[in-house]
Structure formats: structure tokens, C-alpha cells
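Peer 1: Heads up: the protein sequence lines correspond to chains U and E, in order.
Residues in the first sequence are numbered consecutively from 1, following the numbering used here.
Residues in the second sequence are numbered consecutively from 1001, following the numbering used here.
Calculated from the structure, these hints are not laboratory results.
All figures in this text were calculated on a predicted structure; none of them were measured in a lab.
Hints are not guaranteed to be accurate.
EDC-like, lysine to aspartate or glutamate: derived pairs with alpha carbons at most 16 angstroms apart [as the list claims (entries may be wrong)]:
hint, chain 1, residue 1, chain 2, residue 2
1, E, K1263, E, E1130
2, E, K1197, E, D1211
3, U, K34, E, D1194
4, E, K1060, E, E1049
5, E, K1193, U, D33
6, E, K1193, E, E1232
7, E, K1197, E, E1243
8, U, K41, E, D1194
9, E, K1193, U, E36
10, E, K1263, E, E1131
11, E, K1193, E, E1131
12, U, K10, U, E166
13, E, K1263, E, E1049
14, E, K1197, E, E1232
15, U, K34, E, E1049
16, U, K104, U, E166
17, E, K1197, U, D135
Cβ-to-Cβ under 7 angstroms is the rule here; a few derived chain E residues that face chain U [unchecked claim]:
hint, residue
18, G1116
19, T1118
20, A1189
21, Q1192
22, Y1244
Every beta carbon over 12 angstroms from chain E, so not counted as near; a handful from chain U, in silico [unchecked claim]:
hint, residue
23, D4
24, N7
25, V16
26, V59
27, F110
28, L145
29, P156
30, L164
Heads up, the beta-carbon is just placed ideally off N, CA and C, and yes, glycines get one too.
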Amino acid sequence: MLLDLINLQKVRRAFVYFGFILAALLVQNSILDKIEILGVKAMFLPAVAAVIGFFEGGVWGVVFGLVLGLFCDIGMGESTVLFTVFMPLIGFAAGVLTTFFLTKRLFAFFIISFTAIIIGAFLQLFGVLVISGADPVRVLLTGGLQVLWSTPMIFPVYYSGKRLSELDLSK
Amino acid sequence: MLALILAVALLSGLAISRSEGEATTLKDASMSLSLPAKQASHGIVGWLEGIYSYMFKYDKLVEENESLKVELAETRRALREAEAANAENERFRELLNLRSKFSSFVFESAFIIDRGNTNWSRIITINKGEESGIEVGDCVIDSCYNLVGQVVELGTGWADVRSIVDADIRVGVQVGEGGNAAMVEGDFALMQKDRVKLSRFTDETQVLEQDILLTSGKGGLFPSGLTVGVVESVHTEAGGQVEYAVVAPGCELGALTEVFVIKDFSIVE
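For reference, chain E alone in the conformation it holds in the complex:
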């Protein structure tokens, strides 16, 4: 009997497991039925967390507000400098007759209504689906253009997003000042610490801690220039060659409530 249970469940599970694309009718129907409950519970949890934050995190928020004011002042100064550099850049472009860099995104905002709660994957569910023009493979970002993940399955009124720390994620990135190509790959062990692995470097790639990783845009799935994360630690082989690096994602997955699906994009480098 044990063998029978195992065999039937294994075969059925494997036949359908980790599939991507349009949801099965069964799943789509059950998701549609459970959506109101999920949205309601998400709203209640958010409201309770808001009260908790107000009651117990007030001092921390005041402190954070002060540091953000300092950061804002520094950012304004950097912006003034950047505006001057931008104007200069524009003049040089005109002199050299170059095309301007240009990027255009078509967004669809969505709320996270569920976070998959297993030890085996990091999938989040959002409250928009195929009726909003979202497609499998669309990339999902937060409000600061940090990559959150990629749509892997969808139905009416919902879409599953494979998050950036999931063991099955693969994203081409540019590393360091040279912009050398590498790959951010999900790793099962790192997934449990909400981290990903940077690997597949070219020989000339230099990876340093605190390097910011941006999407390379190669392959056409992800637009270039989105922040994937920051290199947290670099692991080298005995010969000094970089083996892999551990990357902390740019987005705060645990704190996210709203995300933006990039339905279409065009970029001129």
C-alpha cells in the first residue's frame, strides 16, 4: 500500500510539478475561489502589522526617519551634480551625433496576496493575472527598480512569481565597473537564507564585496539596468580564482507588499 501511494503521488506530482505557463483548470478554479479569502486575510494581517509597528516600532521609525533625512540631503546633492554631468553628457552626444539612451516600460502594479510557505521554493502570488495582460516570463520589480522575480504561472486574477532567491531562478547580470557578464543563479542552500549565488564568470571578471549587480538584458527576458542585488561575500578557490559570490537581493522580499510587473519594455543603449 505504501509503495502504491508513493508511486501514484510521485507520478502525478512529477507529471504536473514545477510546470510553468497557463495554470491547470483545477488550480485556476481553486485559486479564483480562494482569492477573496486570501486578499481579505492579507488585508487583515497588514492592518494588524500596521498597529503593531505603530505601537512597538515608533522609536525605530523616528530614528529611521532621521537617517533618511540625511540620506535625502546627500541624494539631493548628488542629483545636482548629476544634472550638471547630464547636461555635459548631452552636449557631447550632440557633438558626436550619438543616439540618446532611452528606456520605456509598460507597468502593471499588483499586490502580493500570498507568499508560498514551503522549505522548497520561494514563490509569491500577486493579485493580477492574464486579464491585465501579464504573461509568463514577465519580470517583476519593486518601486525602486529592484528585481523581485519572474512570472512563472498565471490565471484569472492571480499570477505566481518565482522570486529572485528561488532555487530555480536564472538571471544574466553585469558585474562591477567593467560590466562583465555573469549569472545570478538560485541555490537551494542559499535560498533558505534569502540569498542567491553569482557564478559563471569570465576570466577577466573581477568580483568585489559590495559590487552592485544589474541585469544585463541579454536574452531579452529582463530589461537591462534593473538592480538584482549586492555582492555580500566572495568565495575563492585555493588558487585565488573566484569560485562564486553570495548576493543579497536588492529588494526586501519579506517587507514587500506592492510590486510592478513589466509587461513590455524597449531600451536603446
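Next up, chain U with everything else stripped away, as it sits in the complex:
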């Protein structure tokens, strides 16, 4: 009887997305971390926060964005909670936009996640620029390259998210 209270389908879906987040973190921290092009690494995790909100709605976007952001901040090793704040916002925004304004197509997701990646890079470089007083040209170039290297990851993130959202978890 207690089992009737629990929506097992949603619980299963939550576990699936949690696994998806862990896989994305693994790719970011173990694979992309080792690949530097012109001294810059990709950072595609904002797209992961966006994809959950995009397919599952704003509430799921906020919850999983928070989990992702928390792990992301820990993995980055920086003394910030920047992503813990930023990722839920991205998840929420993606959910709201697809609920009211956008279609759930690749191009719409590309626009959302590309914007998320740009904002993520901007937030990261802002601290370096303002507090460390680093050379603005070099900082902006690093931010630009980070966005550029991260952009191709939008496609696998979209197709993975789409596939997960279509999974039949009723059984």
C-alpha cells in the first residue's frame, strides 16, 4: 500500500538523470580535463543542466541543476558556489522557455545551451578579470576558446537527453 504513494516512474527517472549527471561529470573531469587545445579546456556542463530542464520542465531543471552545480563546484576545486547557483537557474530557464515559448527541437536547445555555456564562461572569467586583474584580452580569449571547445558537446548532450526523456520507465 505504501508503494501506491510513490510514483515509481518518476523515482526511476530521477535515478536515470542522476546517473546521466554522474556520467557527464565523469566526461568533464576525466576526459575533457586532459584535453587542452591552445591551453584551454572545454566546459560543457551548463548544457547538461539545460537539457534536463529542456525535456523535463523547470522544476526538474532546478533540482538536477542544483545537484550538478554542487558537484561541479566541488570538482572545480575553487572556493565558490558559482555553479551551485548558476546551474539551477539555467535548468529553470530552459524549462520555462520550452514550456511557454520554444519547441523541443535541436536548434532551440542549441540556442539555450550555447547561451548557458557563454554565461558560464563569462561568470568564471568575471572573477578573474575583476579580482585578479588579469590581462583582459587573454582572459576573454580563454573564455571564447572555452565556449568554442564546449559547443560540439551540445549535440551529444541533446541526443542523450532526448533519448532519456523518451525512455519508458513504467515497468
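Using the hints, position chain E against chain U.
Peer 2: Same frame as chain U, but now just chain E:
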């Protein structure tokens, strides 16, 4: 909506970003929860790297072993000479009634459990924190007394160390034979090449390539005499005045697994 996201994230991020000292409760709790996973993954990665090294780097290791044997022989010879010079020095000290040089460190050994993986900083996380008596500002070295960095934030069972190549690092150093004062400063562009900048020279300071830089000990944060790095290249202005030098750190940041936190020190020059 975009402006709202940007504003909220920016304000929150800036409010807490790049803070130093005691970790926030949220971060401390999440770090404590993730520590076992980090330590386990670090152990697995180390084990895999060990197997890889054994399988594919055997010849290189044999070659390195041979060159180290030669280096050891040379070092032993230098040590014998140094012992004689030391004895002579001791006699002169007694004659002139001078106090002996003395340095004493209180160490805490720790393992690196995480390396921050961003384009914007070089922070490493170690597996010891406030429970071991480590404090913010403590200096971290490797087994050869090369400066690794400085503790910037800590909690229970972990501490974040700003590495020597981070863009925000500042260390007072002595340059060359004259021991003139200068400053090693992190530089964002050089950080991406794992290098730092030597600047703020006095007029009489001469900087040459291959000069070894030692901590000056001024300011009291770092003990004097730790190796910071070696001058790799010197950049001069049109008039010949040295503008800055690029320094390669003494420690091998990428290869480090164990470090030592200097919790307390006393030095008599």
C-alpha cells in the same frame, strides 16, 4: 530572463567567489561527503597510472635510473666537500662568536586528492584539514623543499591549496647570488603554461636564466630558503632594463601525489 539569471548568478558568485578562510557550511558538508569518493578515485587512477608506467615507461625508467646513479655519485662528492666546508664554517663561527643558522619546521604530510580542473585557477585539494592543525596561509612544499603553494581554504579532512602557478599567488623571493628581493607573481597567461612571473626588482637586481629563486621569508608567511623555481627566460625593455622573468616552478605539479604542510616554523639566520 537572461538578464535575471546573469544578475543572480553574478551577484551570488561574486559575493562568495574567491573567498579565503573557513569554508562555507554547504561546501564543507559537500566536500566531506565527497571525500571518500575522491580518495577512492584518486587511488584507482594512481594504480592504473602505475600499471601504465610499468608497461610502457620501463625503458625510460631504466634510463632515468642510470642518470640518477650518476647524479647521486656527483651529489655524494659535493656532500663530502660540503662537510669539510661546514666544519670550517663551524670553526669560524666559534672564533667570531656567531649564532648557528637554525631552522625548524612542523610538518603535516598530506596526499593530493583533487586537482581543480578549470581554465581559471590552479587549486589542488589535499586530504588533511583543520583537524590536523592546518591553518589558512600555511605553506605547502614537496619532499625536496620546493614550494607547492599556500592553503587558502579548509574544512574537516580537506584543504584547498593555491598552487605556485595560480594567477593569484604572491611570494617574496631572493634572486641570484646577491640575494636581492623580488616578487614571484602569478600571471593568468603564464598559468596556462604552468609558469609564473618574476617582477618588482630593485635597480641593482641582476636576473639571469637558470637563477634559482628562494623564498625570502619576508612577511612571515613563508619560511626563507624554500625553492620557488628556476628562471627560464628574461624579458627586457628596449633600454635593457629587465622587465620581468618567466619562472619554471621547482616542484612538478602534475606529478605530485604527496605534499607537506608547514604548520609552524622557526628560523635563525
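Peer 1: Each hint: holds or not?
Peer 2: Now the hints, each set against the structure:
A distance of roughly 11 angstroms separates the Cα atoms of E/K1263 and E/E1130; the hinted pair therefore holds under the 16 angstroms criterion. Between E/K1197 and E/D1211 the CA atoms are separated by roughly 13 angstroms; this keeps the pair inside 16 angstroms, and the hint holds. Restraint check for U/K34 and E/D1194: satisfied, since their Cα atoms lie roughly 14 angstroms apart, inside the 16 angstroms limit. Pair hint E/K1060 plus E/E1049 holds up; C-alpha atoms about 15 angstroms apart against a cutoff of 16 angstroms.
A distance of roughly 15 angstroms separates the Cα atoms of E/K1193 and U/D33; the hinted pair therefore holds under the 16 angstroms criterion. Simply put, E/K1193 and E/E1232 have alpha-carbon atoms about 12 angstroms apart, close enough for the 16 angstroms limit, and the pair holds. Between E/K1197 and E/E1243 the alpha-carbon distance is near 10 angstroms, which keeps this suggested pair within the 16 angstroms criterion. The hinted pair formed by U/K41 and E/D1194 meets the criterion: a straight-line CA distance of about 14 angstroms does not exceed 16 angstroms.
In summary, the hint linking E/K1193 to U/E36 is supported, as the alpha carbons are separated by about 11 angstroms, within the 16 angstroms threshold. Between E/K1263 and E/E1131 the CA atoms are separated by roughly 12 angstroms; this keeps the pair inside 16 angstroms, and the hint holds. With a C-alpha separation of about 34 angstroms, the suggested pairing of E/K1193 with E/E1131 is violated against the 16 angstroms cut-off. Restraint check: the Cα-Cα separation between U/K10 and U/E166 comes to about 13 angstroms, which is no more than 16 angstroms; the hinted pair holds.
With a C-alpha separation of about 31 angstroms, the suggested pairing of E/K1263 with E/E1049 is violated against the 16 angstroms cut-off. Under the criterion of a C-alpha separation no larger than 16 angstroms, the hint pairing E/K1197 with E/E1232 is consistent with the structure, at around 10 angstroms. Of the pairs offered as hints, the one joining U/K34 and E/E1049 holds, with about 14 angstroms between alpha carbons and a cut-off of 16 angstroms not exceeded. A hinted pair counts as satisfied when its Cα atoms are at most 16 angstroms apart, and U/K104 with U/E166 qualifies at roughly 12 angstroms.
Between E/K1197 and U/D135 the alpha-carbon distance is near 13 angstroms, which keeps this suggested pair within the 16 angstroms criterion. Interface hint at E/G1116: satisfied, since its Cβ lies 3 angstroms from the closest Cβ of chain U, which is below the 7 angstroms cut-off. Annotation: E/T1118 was flagged as interfacial toward chain U, and the flag holds, the nearest CB pair being 5 angstroms apart, inside 7 angstroms. Interface restraint check for E/A1189: the shortest CB-CB distance to chain U comes to about 5 angstroms, inside 7 angstroms, so the restraint holds.
For E/Q1192, the shortest C-beta to C-beta distance to chain U is roughly 4 angstroms, which falls under 7 angstroms, so the interface hint holds. Hint status for E/Y1244 relative to chain U: violated, with the closest Cβ pair at about 13 angstroms, above 7 angstroms. U/D4, annotated as away from the interface, keeps every beta carbon of chain E farther than 12 angstroms; the closest lies near 32 angstroms. No Cβ of chain E comes within 12 angstroms of the Cβ of U/N7; the nearest lies about 27 angstroms off, and the non-interface call holds.
With 12 angstroms as the threshold on Cβ separation, the claim that U/V16 sits away from chain E holds: the shortest Cβ distance comes to roughly 20 angstroms. The beta carbon of U/V59 sits about 16 angstroms from the closest Cβ of chain E, which is more than 12 angstroms, so the claim that it is off the interface holds. Every CB of chain E lies more than 12 angstroms from the CB of U/F110, the least distance being 16 angstroms, so the non-interface label holds. Distance check for U/L145 against chain E: the nearest CB is about 8 angstroms away, which does not clear 12 angstroms, and the non-interface claim fails.
Remark: the non-interface label on U/P156 is consistent with the geometry, its nearest Cβ contact in chain E lying 19 angstroms away (cut-off 12 angstroms). No beta-carbon of chain E is positioned within 12 angstroms of the beta-carbon of U/L164; the least distance is around 23 angstroms.
The structure fails to meet hints 11, 13, 22 and 28 from the earlier list, while all remaining hints are met.
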